[in-house]
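Visitor: So you can see what is in the structure, the chains are spelled out below.
2 protein chains.
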Amino acid sequence: MNGVSRFTLTRDHHCGELRIDHVGKTVVLSGWVQRRRDFGKLIFIDLRDRSGIVQVVFDPELIGTEAESVMEVADSLRNEYVVSVQGKVVARAENTINEKIPTGEIEVQAEKIEILNASKNPPFYIQDHIDVEENVRLKYRYLDLRRPEMLNTFVLRHKAIKFIRDFLDRENFLEVETPMLTRSTPEGARDYLVPSRLHPGEFYALPQSPQLFKQLLMVSGFERYFQVARCFRDEDLRADRQPEFTQLDIEQSFMSLPEFQALMERLMAEMFQHLLGVEIPRPFPRLTYKEAMDRYGSDKPDIRFGMELKDISDVVATSGFKVFRSTVEAGGKVKGINAKGCAGYSRKQIDELEQFAKRYGAKGLAWMAVNEDGIKSPIAKFFTDAEIEGILANLEAEQGDLLLFVADKPKVVADALGNLRLKLGKELGMIDESRFAFLWITEFPLLSYDEEEGRYVAEHHPFTMPMWEDLDKLTTSPAEVRAQAYDMVLNGYEIGGGSMRIFRREIQEAMFQALGFTMEEAWDKFGFLLEAFEYGTPPHGGIAFGIDRILMIMAGRQSLRDVIAFPKTSSGTDLMTQAPSDVSERQWRELHIRPEAAKEEVVK
Amino acid sequence: MNGVSRFTLTRDHHCGELRIDHVGKTVVLSGWVQRRRDFGKLIFIDLRDRSGIVQVVFDPELIGTEAESVMEVADSLRNEYVVSVQGKVVARAENTINEKIPTGEIEVQAEKIEILNASKNPPFYIQDHIDVEENVRLKYRYLDLRRPEMLNTFVLRHKAIKFIRDFLDRENFLEVETPMLTRSTPEGARDYLVPSRLHPGEFYALPQSPQLFKQLLMVSGFERYFQVARCFRDEDLRADRQPEFTQLDIEQSFMSLPEFQALMERLMAEMFQHLLGVEIPRPFPRLTYKEAMDRYGSDKPDIRFGMELKDISDVVATSGFKVFRSTVEAGGKVKGINAKGCAGYSRKQIDELEQFAKRYGAKGLAWMAVNEDGIKSPIAKFFTDAEIEGILANLEAEQGDLLLFVADKPKVVADALGNLRLKLGKELGMIDESRFAFLWITEFPLLSYDEEEGRYVAEHHPFTMPMWEDLDKLTTSPAEVRAQAYDMVLNGYEIGGGSMRIFRREIQEAMFQALGFTMEEAWDKFGFLLEAFEYGTPPHGGIAFGIDRILMIMAGRQSLRDVIAFPKTSSGTDLMTQAPSDVSERQWRELHIRPEAAKEEVVK
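If you read the protein sequences in the order shown, they are chains P and C.
Take 5 as the starting number for the first sequence in this note's numbering and just add one per residue.
Take 5 as the starting number for the second sequence in this note's numbering and just add one per residue.
Since the hints were made in silico from the structure, they are not lab data.
Positions of the beta carbon are idealized from the N, C-alpha and C atoms, including for glycine.
Pair ranges (Cβ atoms, derived): (1) P/GLU98 to C/PRO262: 41 to 47 Å; (2) P/ARG174 to C/ARG561: 25 to 31 Å; (3) C/GLY458 to P/ASP528: 51 to 57 Å; (4) C/LYS415 to P/LEU202: 28 to 34 Å.
Listed next, the stretches of chain P that the computed footprint assigns to chain C, with coverage defined by at least 3 CB atoms under 8 Å from CB atoms of chain C: (5) 175-188; (6) 585-599.
Build out the structure end to end from the sequences listed, making use of the hints.
Guide: What follows is the structure in structure tokens.
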């Protein structure tokens with residue numbers, strides 16, 4: 005009863021671990037043929053397993069009595085065949101040492117070989133830096149994952165999550181598994197639904213996050229909870245979105261926000277130190293939401309470079325340039341960024357920048373180039389010398405700089421210039437790619453006005469605690485209330501977000517009022533949670549980190565699909581298994597549902 | 005921006021950690037009021053947090069200037085109020101020491117108190133061993149989880165899963181997260197389906213296990229994989245079933261089965277040693293499926309006690325008792341168990357045992373009581389003295405024993421006597437509840453004949469490797485082929501099951517033939533997996549453990565619901581959140597489905 009009992013060779017070493025110290029030892033290796041080379045009478049194979057690659061040489065003169073059959077087998081090997089090899093570790097001759105691989109000082113002189121399995125010729129080479137269409141990689145994901153850079157990514161992922169668990173365990177957090185078959189909740193993104201067989205017409209929802217359950221665990225007195233949790237959002241997918249994703253969910257009671265933030269900083273800093281060997285300075289910088297929007301035009305700024313947005317509204321408020329003046333008069337803003345050393349950009353280059361800015365809503369992009377012989381700009385003539393000087397001073401302009409301006413509503417200015425800043429930062433090589441720049445964004449707005457619904461909606465969720473000093477405004481000027489909410493940002497990505505939660509009934513009621521709910525409606529929507537909150541809820545709060553995104557940044561990859569073992573495409577398809585798929589009529593009948601539109605009908 | 009900034013007291017100690025060494029220290033504690041007692045002018049509260057309970061005393065004479073207001077607050081406290089208390093740790097007087105709690109030598113003399121939150125009177129006391137209907141506990145799960153025995157269970161669960169992860173990490177296993185939105189697969193239990201918004205008429209399925217993905221990871225060369233994975237089965241639920249459950253999923257390549265089993269034994273033994281302090285002898289006993297069925301009438305025997313099934317078919321094959329004789333002639337079995345010391349059972353007691361046996365298909369239960377003055381039995385008259393002697397010898401009967409017999413098809417005999425054995429073992433106190441008796445069941449049948457489908461079906465799944473020595477029978481006598489499949493059994497529960505997998509094409513084809521599939525049908529059902537197997541699949545196999553069940557046994561609980569934080573009832577309902585629930589028409593319309601039957605229509 006032994007799965008490999010029909011094979012005589014039993015692996016006792018791994019390919020990648022062999023070193024000069026092993027010389028003289030007889031070893032048995034198992035793995036995949038990376039490639040085979042014939043060299044006169046000799047056959048060389050590179051043998052690969054999870055630990056790495058080693059060179060095996062088949063020399064008929066050294067094999068002994070079975071030379072003929074061994075050489076015959078060796079000759080039949082093709083890429084990706086699975087074999088076991090027995091042989092002796094020998095030092096390579098000085099001139100054949102391969103310094104590129106850790107096992108390069110030795111090779112294994114084969115004595116015996118067994119083919120465990122054959123392989124068809126794979127659709128792409130099993131090696132790094134291949135230039136293969138992603139759809140092919142996804143269809144043959146099991147082969148894609150064989151490539152060392154993919155394997156290494158998942159080793160890193162395993163280690164990172166292990167590190168997180170060890171850290172939180174040391175800090176007395178309990179990992180608790182919360183349900184996947186949950187109740188559909190209002191006020192969130194679109195749910196994935198699961199029809200119930202035992203309750204006709206009713207549905208479970210897959211969790212968008214364990215938010216409610218983690219708050220309930222605080223009501224339960226668990227005090228410190230975490231979970232590496234799978235979450236689901238049926239939203240339209242982008243390169244950095246997946247229908248299912250992994251979230252590190254953390255919640256605690258009785259801890260002050262500064263303490264909690266310091267703990268989260270230590271978690272991240274120690275993980276990056278441990279896994280990547282980089283030193284992350286603590287405490288992390290903090291920017292309020294307002295500052296971040298003002299200075300970077302983004303609530304997830306990449307602070308690895310400057311080129312901050314400068315407000316010149318005051319300088320141009322009474323200028324002769326009508327576009328700027330009227331924008332300021334209408335309550336808008338005029339801001340600029342300084343593209344250092346880009347004064348020589350061609351008209352075409354500047355046009356391209358303008359097109360880019362327009363994608364983010366800007367109506368145009370004004371510019372000034374600071375040349376040796378003065379300002380070159382289509383709009384310079386509208387300004388007085390003093391105004392020009394004011395603009396240059398504001399943007400700290402020097403000779404050779406290109407200044408770019410957007411005048412619009414504050415949100416449009418932020419979006420357009422914020423994204424232009426990122427684009428230019430990358431193109432001008434201003435970003436130190438080896439750096440990991442963490443920061444906190446704090447004091448987010450609690451509510452935003454939803455024109456469509458004609459009411460305020462929660463920016464985070466309806467249980468987010470307002471800042472104490474803004475509590476009074478909840479009834480008078482809801483838009484001005486700041487939340488005890490915070491995001492952790494890394495290199496321009498939001499990697500985590502959280503808040504302190506409302507835990508007192510009177511504040512929760514004021515919040516629902518601000519959202520335009522009667523208490524009856526509120527109970528209808530969130531009844532069980534509100535009821536739970538009546539039974540001694542401690543002060544609590546937490547955070548949720550996007551594990552996939554953090555791993556993507558750690559592994560230096562551009563797509564979430566590279567850090568998820570079996571990801572889906574932007575249409576939510578698994579190209580390998582072809583999920584989703586048709587199911588039998590019996591299956592959907594048992595669930596008391598009927599698919600409304602067969603595919604054909606939809607196409608019509 | 006501090007969630008508790010409106011409170012002045014900051015917790016610096018935990019209730020349960022205070023000891024005689026802390027005497028003289030001023031501490032701030034936060035937690036829940038377990039109970040309040042008034043004693044003259046003094047007020048005592050037991051304050052509870054996650055770490056335990058400590059007594060706090062409010063003595064107006066010791067509080068100082070603010071005595072009046074502090075006493076007023078203390079007087080207003082009710083059970084489950086959340087408070088912070090500042091006070092001095094003092095030693096209790098000798099005669100008031102409470103040895104039942106770790107903090108019983110000290111108490112805290114309160115100086116200040118703040119109520120963080122009030123609480124309604126909870127529907128049951130927050131204490132162990134409550135006698136409350138389970139539905140009430142489930143509805144108020146957040147309060148149920150406050151009870152120390154529940155908290156302790158989840159601390160144990162956290163530690164057990166942590167131990168497993170640490171162990172497997174040391175052994176070079178990589179944890180890889182596999183998808184939750186997968187493809188519905190044939191040949192399994194009933195799937196939970198998830199309608200796709202982007203692919204009208206198509207469905208994802210929630211995974212019954214990560215089986216296919218873990219095998220693909222072996223094709224990928226990950227070599228050693230594990231995952232603590234949520235799995236789903238839409239089956240009819242019993243006390244020991246939940247619609248979603250947690251599985252420890254392990255798969256490896258290039259390892260012999262004995263090596264792998266030894267590793268799994270070490271994992272379990274070290275975990276039980278580490279967490280429960282019990283010594284588990286290794287190697288675990290092994291029984292083949294056949295032996296287990298023969299001796300215990302079960303493929304998951306509880307071997308903490310004897311009372312094995314004894315085959316008396318040979319002895320009674322030619323006897324004068326027609327029921328026994330004709331059963332043997334028809335190819336059935338006659339077996340008995342020996343209920344030691346039960347010769348005095350009343351007719352009524354024996355009738356009850358018979359009724360019990362009938363539930364498992366037995367047509368009757370024959371018996372013999374071995375009394376001082378000979379055999380008492382309604383059937384004794386049908387046997388010769390030699391036959392009686394043979395029966396007694398076979399069952400090692402002594403004076404005072406009660407022998408119980410079932411004659412039927414082997415499966416019915418096994419079921420009825422196997423369950424009777426368990427019932428009697430418990431009732432007679434033969435089971436040492438402090439023992440953990442692990443064993444392996446091996447050599448399971450590969451296939452069983454499905455009368456309904458008119459073909460053989462896989463007992464485990466279609467990728468289970470047959471035993472090498474039985475391979476030839478796959479075409480000639482499929483029912484006799486044993487699988488390289490194994491279960492780990494603990495105290496009568498199957499806690500894990502696995503197999504070595506088919507990794508060679510020719511064996512897989514033979515297997516599909518035995519299952520009555522053409523290769524075309526096989527490709528239709530399992531295409532992507534069969535294709536993957538063409539590209540250099542290593543020998544591999546694995547196991548899946550039921551984490552919930554293991555925890556239930558470790559925690560000494562009777563129900564899976566006690567080891568799952570937010571479990572569902574036997575109708576799949578979460579009584580706290582009332583999932584599943586109605587959803588809006590907009591929601592199901594977007595998914596291109598239509599609920600067929602409203603609840604009312606089904607009832608009609």
